[in-house]
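A.B. asks: Sequence:
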Amino acid sequence: MDKKKKVKVVRLNLSWLYLLLLGGIFYLLFKDSSAANTQKTEWARVQEMVLAGDVKEIDFIRNEYKGLVTLRSDRLEKYSADFGGKVPE
Numbered sequence: 067m068d069k070k071k072k073v074k075v076v077r078l079n080l081s082w083l084y085l086l087l088l089g090g091i092f093y094l095l096f097k098d099s100s101a102a103n104t105q106k107t108e109w110a111r112v113q114e115m116v117l118a119g120d121v122k123e124i125d126f127i128r129n130e131y132k133g134l135v136t137l138r139s140d141r142l143e144k145y146s147a148d149f150g151g152k153v154p155e
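Each residue of the sequence shown is one higher than the one before, counting from 67 in our numbering.
Each statement offered as a hint is correct.
When the alpha-carbon atoms are kept at most 16 Å apart in a straight line, the in silico EDC-like pairs for lysine to aspartate or glutamate are as follows:
(1) K106 - D125
(2) K132 - E108
(3) K144 - D120
(4) K122 - E143
(5) K144 - E114
(6) K122 - D140
(7) K106 - D148
(8) K106 - E130
(9) K152 - D140
Label pairs and their computed distance ranges (CB to CB):
(10) G89 - K69: 35 to 43 Å
(11) I127 - R77: 41 to 49 Å
(12) Y84 - A118: 49 to 57 Å
(13) L94 - Y145: 22 to 30 Å
(14) R77 - G150: 44 to 52 Å
(15) N79 - L142: 42 to 50 Å
Quick caveat, the hints were computed from the structure, so don't treat them as lab data. What you are looking at is a predicted structure, and each value in this text was computed from that prediction instead of being measured. Virtual Cβ for every residue (Gly too), placed ideally from N, Cα, C.
Using the sequences and the accompanying hints, generate a full structural model.
C.D. replies: Here it is in structure tokens:
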């Protein structure tokens with residue numbers, strides 16, 4: 067008589083889906099984003115940037131008493147020293 071070999075089939079259950087979703091969330095939280103290349107600066111420096119016309123927009127967050135300053139893309143080279151000598155993309 068021939069003995070039949072049983073082949074084990076890997077089944078995908080919900081735990082694999084949960085692990086995949088959890089991995090995706092961690093990736094989004096901890097990935098190195100060039101848009102998140104933030105630098106702290108003093109208000110006097112920001113005023114100089116605004117007067118020079120280098121600022122695209124300022125988003126002020128009242129509850130946290132801070133502002134997010136976005137520089138114009140054609141003026142980034144001027145501030146490359148603040149970003150470690152590299153021009154952010």
